[in-house]
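Visitor: The residues making up each chain are set out below.
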Amino acid sequence: MTAQLTPRNIAIFVLLAALVLLPLYTGLSGNRFMLTLFTRIVILALAAVSLNLMLGYGGMMSFGHAAYLGIGGYAVGILAHEGIASGFVQWPAALAASALFALVIGALSLRTRGVYFIMITFAFAQMAYYICAGIARYGGDDGLTIYKRSEFVAPVNLSNKVQFYYICLALLLAAIYLVWRLVNSRFGMVIQGARSNDVRMRAIGFPTYRYKLVCFVVAGTLCGLSGALLANHNDFVSPSIMYWTRSGDLIIMVVLGGMGTLFGPVFGAVALLVFEELLPTLIKLLGTPMFGEQAARASEYWQIVMGPLLLLVVLFARGGIDGLLRKLSKERA
Amino acid sequence: MTLFIEQCLNGLQFGLLLFLLAAGLTLVFGIMDLVNLAHGSLYMIGAYFAATFAAWTGSFVLGAVLALVATLLVGMVVEVVAMRRLYGRDHIDHVLATFGLILFFDESVRLIWGPAGLSLPLPPWLSQPVQILPGVFYSGYRLAIIVVTLLVAGFLYVLVMRTRIGMLIRAGASNREMVGALGVNIKLLYTLVFGLGAALAGFAGLMQAPILTVQIGMGENIVILAFVITVIGGVGSIRGALVAAIFVGFIDTLGRAFFPDLLRMILSKEAAATAAPALSSMLIYLLMAIVLVVKPEGLFSAGQK
Chain B
1 MTAQLTPRNI
11 AIFVLLAALV
21 LLPLYTGLSG
31 NRFMLTLFTR
41 IVILALAAVS
51 LNLMLGYGGM
61 MSFGHAAYLG
71 IGGYAVGILA
81 HEGIASGFVQ
91 WPAALAASAL
101 FALVIGALSL
111 RTRGVYFIMI
121 TFAFAQMAYY
131 ICAGIARYGG
141 DDGLTIYKRS
151 EFVAPVNLSN
161 KVQFYYICLA
171 LLLAAIYLVW
181 RLVNSRFGMV
191 IQGARSNDVR
201 MRAIGFPTYR
211 YKLVCFVVAG
221 TLCGLSGALL
231 ANHNDFVSPS
241 IMYWTRSGDL
251 IIMVVLGGMG
261 TLFGPVFGAV
271 ALLVFEELLP
281 TLIKLLGTPM
291 FGEQAARASE
301 YWQIVMGPLL
311 LLVVLFARGG
321 IDGLLRKLSK
331 ERA
Chain F
1 MTLFIEQCLN
11 GLQFGLLLFL
21 LAAGLTLVFG
31 IMDLVNLAHG
41 SLYMIGAYFA
51 ATFAAWTGSF
61 VLGAVLALVA
71 TLLVGMVVEV
81 VAMRRLYGRD
91 HIDHVLATFG
101 LILFFDESVR
111 LIWGPAGLSL
121 PLPPWLSQPV
131 QILPGVFYSG
141 YRLAIIVVTL
151 LVAGFLYVLV
161 MRTRIGMLIR
171 AGASNREMVG
181 ALGVNIKLLY
191 TLVFGLGAAL
201 AGFAGLMQAP
211 ILTVQIGMGE
221 NIVILAFVIT
231 VIGGVGSIRG
241 ALVAAIFVGF
251 IDTLGRAFFP
261 DLLRMILSKE
271 AAATAAPALS
281 SMLIYLLMAI
291 VLVVKPEGLF
301 SAGQK
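Order-wise, the sequence lines are chains B and F.
So for the first sequence, the numbering used here puts the first residue at 1; every next one is plus one.
So for the second sequence, the numbering used here puts the first residue at 1; every next one is plus one.
Chain B with its partners taken away, still in its complex shape (with noise of 0.2 Å):
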């Protein structure tokens, strides 16, 4: 497949550009902020591209993915607080609970469809919250602090700010191309068929519950990935990490960068972060001009002009950013 010069093309190449370059910047103008920003930016786009595959791909519309990352986090948390810092265990231990996490739970969730899915999935999201809120001994609701990041081999230092962006940077291109092979084998095709109609796929001899449920552990894990690299980032995890806003948070993103498409879910993360981050400012600086001291009060409510926004996306930019694209590329050709 050669690439061609589609606007939408052009877009993902900035993007990766601009995300490999950052380093770069925040380097010369001594821009701390920027770098933490991004690296949490880049840590939960990981997420979102999880998500993506289960939701975009699969058609598995899962409303509790924030546990994994809480898993994840907790994962290395727990182990960080009993004095095992090696991320040679933290890591692989926090793949694991969270694909252990996931295997029961899509076993279980995938037996019903629609909203009792969507209902389940929060359900057992709640139950790790509450579960982990309750344990005492690893700090309960307060959570808990990291003293000392994941510890590799010599080069490797999680605690170099700049490093620890690249990693997360490589992992989150690792688990695009993942994701890449996997919706274009034949797994992927049989997943997305039974998004489209899954009667028939199970009528063709396809036992679709197998596939998804593989589809939902892969996902589970690599968002249990990305919960390990939040808590690294953090020095801290606590249960608000899997809040159920969270979840909502990645579907967000998710949907707004565009649902089963492979650079989506990076876009939709930047836009939202990003946006969240700009937003109060941005009010400021268009509201001053017209209403004075009052736009700087406003400014504090930005909210009030996001959840609106929101909608206006669900309502007429069905696609996200890049269905945005691709119309763009549509038109020139």
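Read the hints as simulated data drawn from the structure, not as lab findings.
Just so you know, even glycine gets a beta-carbon here, dropped at the ideal spot from N, CA and C.
There could be a bad hint or two in this list.
[Stated by the list, open to error] Which stretches of chain F does chain B cover? Using the computed rule of at least three CB atoms under 8 Å from a CB of chain B, they are:
{"#": "1", "stretch": "105 to 114"}
{"#": "2", "stretch": "128 to 136"}
{"#": "3", "stretch": "218 to 231"}
{"#": "4", "stretch": "282 to 292"}
Could you slot chain F onto chain B? The hints should help.
Guide: For chain F alone, coordinates are given in the frame of chain B:
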């Protein structure tokens, strides 16, 4: 024993309150096939309206009535402006759009009423404890809630099962195209149903307001319970909602009251004290997971959806 009776009544009262919320949700769910996360916002708005109007008019009952009407209107406006465009879309669109509405409502309330919570004082004639059994006293207001919600449940039953509008609502739940084809003004029906759901949620909010503080985000936690109830009861089934609501109300209240003592038998005192609230909040989700695994369509599923 007194404590047990009291907690059982609390459970019943909470269950009935949850039923008010769940009934609105399940109506909207079953008829419009709409997942409305913002249902809790209407509950919150009902409580805020009640606190404000009661302060203005100086009368609890008058404030409650005004708040009920105002929430009904807000609900109908929301339906016309936003929800109407979401019918027939994917559930994921509903989740996102109504998530946006939650943000909007929460911030609007913060803008109008400020970040601090309000309180709604009870009139003296309602705040007296009532003797229900010899030697057993119970909060008069909670008793009033039980009576009033039972009346509302009865009204709802008559409305849905015995009137022409109710017939249309039930018909809409099982086959909306056919109802539309028979010449019923589906748009108006939907606006009414959504408004009815909003009013029920607002009613629950204003009833609960004197017991809890009226604050931002008060709707989110309780609407989650309402969702759990609709799913356990079976989407679209009001009867299922009633049964599940009372069940969940009991489990939640009794779990919170007696679970810590039970835990203390197995765990150390300290561990039990911290684990109990979290674990008792979990019970309900556990119940829902079990119900869905055993009966994936809920206990009383209405129709084929």
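Visitor: Quick check: which numbered hints come out false for this structure?
Guide: Number 2 - this is the single hint that the structure violates.
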